[in-house]
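Participant: Each chain, written out:
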Amino acid sequence: MRILLVEDEIELQKSIVQYLDYAGNIVEAVSEFRKASDKIHEFDYDCILIDINITNGSGFDLVKELKQAKSKAGIIIISAKNSLDDKITGLDLGADDYLTKPFHLSELNARIKALIRRKNFEGGKAIDINEITIYPDDRRVLVKEQELDLTTTEFRLLLYLITNKNRVVSKNSISQHLLNDDDIDQIDNHNFVYSHLKNLRKKLVEKGSEDYIQTIYGIGYKFKVND
Amino acid sequence: MKLTSKSILYYLVISLPLLIIACLFSYYLIRSELRDGTDEILAREKLSAEKLINSSANLDTLTLLPDSFFTVRITSYHADAQQYADTTMYDKVDNELKNYRVSKSFYNHNKTTYLISILKPTLEEDELAEGLLSSLFLVVFFLLLSFLLVNWILSKWIWKPFYKTLSTLHDYELKKNELLILNPSNTKEFNELNDALIKMTDKIYTDYIRQKEFTENASHEIQTPLAVIRSKIELLIQSENLKEDEMLQIQTIETAANKLSTLNKALLLLVKIENHQFKEANELSLKIHIENVLKQFDWVLTDKNIQLKTEFKNDLLFKINPELLDILLANLLQNAIRHNFKNGTIDVKITNRTLTISNTGDELKIKPTELFERFKKDTTKQESLGIGLAIVKSITDVYNINVTYFYEEKHHVFQLVFPPKD
Numbered sequence: 001m002r003i004l005l006v007e008d009e010i011e012l013q014k015s016i017v018q019y020l021d022y023a024g025n026i027v028e029a030v031s032e033f034r035k036a037s038d039k040i041h042e043f044d045y046d047c048i049l050i051d052i053n054i055t056n057g058s059g060f061d062l063v064k065e066l067k068q069a070k071s072k073a074g075i076i077i078i079s080a081k082n083s084l085d086d087k088i089t090g091l092d093l094g095a096d097d098y099l100t101k102p103f104h105l106s107e108l109n110a111r112i113k114a115l116i117r118r119k120n121f122e123g124g125k126a127i128d129i130n131e132i133t134i135y136p137d138d139r140r141v142l143v144k145e146q147e148l149d150l151t152t153t154e155f156r157l158l159l160y161l162i163t164n165k166n167r168v169v170s171k172n173s174i175s176q177h178l179l180n181d182d183d184i185d186q187i188d189n190h191n192f193v194y195s196h197l198k199n200l201r202k203k204l205v206e207k208g209s210e211d212y213i214q215t216i217y218g219i220g221y222k223f224k225v226n227d
Numbered sequence: 228m229k230l231t232s233k234s235i236l237y238y239l240v241i242s243l244p245l246l247i248i249a250c251l252f253s254y255y256l257i258r259s260e261l262r263d264g265t266d267e268i269l270a271r272e273k274l275s276a277e278k279l280i281n282s283s284a285n286l287d288t289l290t291l292l293p294d295s296f297f298t299v300r301i302t303s304y305h306a307d308a309q310q311y312a313d314t315t316m317y318d319k320v321d322n323e324l325k326n327y328r329v330s331k332s333f334y335n336h337n338k339t340t341y342l343i344s345i346l347k348p349t350l351e352e353d354e355l356a357e358g359l360l361s362s363l364f365l366v367v368f369f370l371l372l373s374f375l376l377v378n379w380i381l382s383k384w385i386w387k388p389f390y391k392t393l394s395t396l397h398d399y400e401l402k403k404n405e406l407l408i409l410n411p412s413n414t415k416e417f418n419e420l421n422d423a424l425i426k427m428t429d430k431i432y433t434d435y436i437r438q439k440e441f442t443e444n445a446s447h448e449i450q451t452p453l454a455v456i457r458s459k460i461e462l463l464i465q466s467e468n469l470k471e472d473e474m475l476q477i478q479t480i481e482t483a484a485n486k487l488s489t490l491n492k493a494l495l496l497l498v499k500i501e502n503h504q505f506k507e508a509n510e511l512s513l514k515i516h517i518e519n520v521l522k523q524f525d526w527v528l529t530d531k532n533i534q535l536k537t538e539f540k541n542d543l544l545f546k547i548n549p550e551l552l553d554i555l556l557a558n559l560l561q562n563a564i565r566h567n568f569k570n571g572t573i574d575v576k577i578t579n580r581t582l583t584i585s586n587t588g589d590e591l592k593i594k595p596t597e598l599f600e601r602f603k604k605d606t607t608k609q610e611s612l613g614i615g616l617a618i619v620k621s622i623t624d625v626y627n628i629n630v631t632y633f634y635e636e637k638h639h640v641f642q643l644v645f646p647p648k649d
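Residue numbers (the working numbering), protein chains in the order written: chain A, 1 to 227; chain B, 228 to 649.
No lab work stands behind these hints: they were computed from the structure.
Keep in mind that a hint or two might mislead.
[Stated by the list, open to error] Straight-line Cα separation of at most 30 angstroms, BS3-like style, residue types lysine-lysine; simulated pairs:
no., chain 1, residue 1, chain 2, residue 2
1, A, Lys-39, A, Lys-14
2, A, Lys-198, B, Lys-486
3, B, Lys-459, A, Lys-81
4, B, Lys-486, B, Lys-531
5, B, Lys-470, A, Lys-14
6, A, Lys-224, B, Lys-459
[Claimed, not checked] Listed next, the stretches of chain B that the computed footprint assigns to chain A, with coverage defined by at least 3 CB atoms under 8 angstroms from CB atoms of chain A:
no., stretch
7, 445-453
8, 465-477
9, 482-496
The beta-carbon is built from N, C-alpha and C at its ideal position, and this holds for glycine as well.
Work the whole structure out from these sequences, hints included.
Facilitator: Structure representation (structure tokens):
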């Protein structure tokens with residue numbers, strides 16, 4: 001997958017590149033409007049991540065350019081502004097998603113994957129991980145060809161872990177992903193993550209799956225698969 | 228005391244002694260005039276008495292004016308001048324003492340000296356005093372009346388711009404993001420006052436705006452370094468060779484960074500609410516929104532085994548920004564969950580235009596009045612940021628919703644009274 005990142009905060013840029021740059025991903029990063037504009041006309045990307053406030057220009061204008069060029073790339077806006085107006089403007093211009101800073105890299109990764117699936121009409125396609133098969137659009141999971149009955153939350157949890165497989169995903173990131181919240185005063189969510197994870201693990205193992213989910217002491221979980 | 232009443236009082240305090248002095252003065256003046264008149268009459272009567280003495284032989288039959296007491300005696304003593312004096316005599320008819328003016332004079336006729344004394348009642352003088360006193364009261368009464376009238380006119384007309392300014396100031400709120408507008412008047416002092424006030428509030432207003440802009444910009448600027456910190460933490464935890472205690476420390480950093488970013492978002496939200504940046508508003512059903520928000524909390528209700536009871540006697544429709552309504556409800560309900568017991572209860576009730584959310588819980592350690600202030604929180608609840616209710620307060624302030632809190636029978640109760648539909 002070819003990804004372009006337009007972000008002028010260099011350290012954040014480096015982090016994102018480092019996180020996404022694995023398993024066949026090619027990630028390019030630029031921090032300036034003109035360079036970004038050149039890049040999008042030069043290459044075809046699968047996904048473009050655009051910060052609204054970039055050097056010498058606005059991310060919105062890049063989105064416009066992409067749409068004028070009839071680009072097929074998925075566009076995710078990443079912005080420090082958590083404003084509904086900006087969100088609406090971005091989506092109206094043709095962006096596919098909007099993520100507010102600060103975000104978890106695992107969340108960004110999940111959004112990219114989901115977007116690509118939608119773009120490439122891969123929704124019907126299954127994600128296979130050894131004995132586990134997931135149909136994201138139908139919200140179905142098979143373990144060794146047997147239907148696994150999961151709640152919505154458990155399903156989303158599994159998908160999130162698998163999307164970020166072999167990565168440590170923090171409890172905070174999981175709870176924010178599952179609760180969909182930009183919430184203000186957080187209720188202590190760790191219990192919530194823990195109880196859902198416990199159930200998911202139990203259900204998977206009961207159906208004969210290997211126990212892929214590792215607990216990383218103190219911080220979170222990892223879906224560990226040997227490729 | 229009102230300014231006009233105060234000025235009436237001062238007018239009265241000063242004018243009353245003056246009036247009394249004026250009355251006393253005029254009393255003595257008029258009395259001496261009257262006395263002169265009486266004395267003149269007495270002098271004339273004396274002359275006619277002398278004539279009578281000349282013409283008459285029998286003194287006993289002498290009569291003069293009907294209301295004067297007239298006596299003529301033969302005396303050996305003699306003085307030239309006519310003498311006047313005041314005296315009192317008992318009046319048998321009226322059964323009281325009465326004041327009289329007496330004139331004594333001597334007259335020689337046929338080598339006999341006669342003492343002529345004439346008495347004249349001085350009723351007029353007494354009545355004069357009484358009359359003056361009652362006229363004093365009358366004057367004071369009318370004076371008071373005219374003061375009231377004048378003051379009424381003054382406050383109605385002359386002081387009108389002042390009271391207008393006062394009421395404008397009363398209603399003025401920085402939070403409404405408006406400059407103070409005061410109408411010019413034709414009184415110099417009031418114009419000066421208005422100018423000074425406008426200058427002052429404009430200064431306060433620009434400072435206030437600048438401060439808010441600063442908060443907003445600072446919050447935005449904080450987001451980027453926070454994003455860097457959080458992304459680095461996420462990369463760091465991918466490391467395979469971290470020790471357990473190192474992981475724990477990283478987790479502490481992550482939690483703190485998360486807290487900082489939610490806090491930052493909350494502050495930004497507060498600024499935006501206060502800046503009225505949530506403009507769009509629709510008539511929304513509270514019932515539907517409460518049910519939606521409650522769905523988000525399903526898991527935690529189950530987790531804490533909290534009994535939720537909803538009682539909607541009617542639906543409450545209210546014109547509000549949908550985002551803000553959800554934030555308002557989520558904050559209140561989250562609060563009801565957080566400050567609850569395991570196996571506790573939450574009651575959500577709508578009656579007419581009142582929404583009541585009550586939950587079981589320990590009494591607060593902070594004063595209920597401080598509850599809606601920023602960063603006031605129960606220190607025993609670590610995960611709380613202490614800003615949720617400040618957000619509730621600022622949303623309700625924007626929409627004129629009256630929110631009250633009380634603790635009753637081991638229940639925390641939040642009551643929101645929505646303004647009537649227009």
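Participant: Quick one: which hint numbers does this structure break? Sort them smallest to largest.
Facilitator: Failing hints: none at all.
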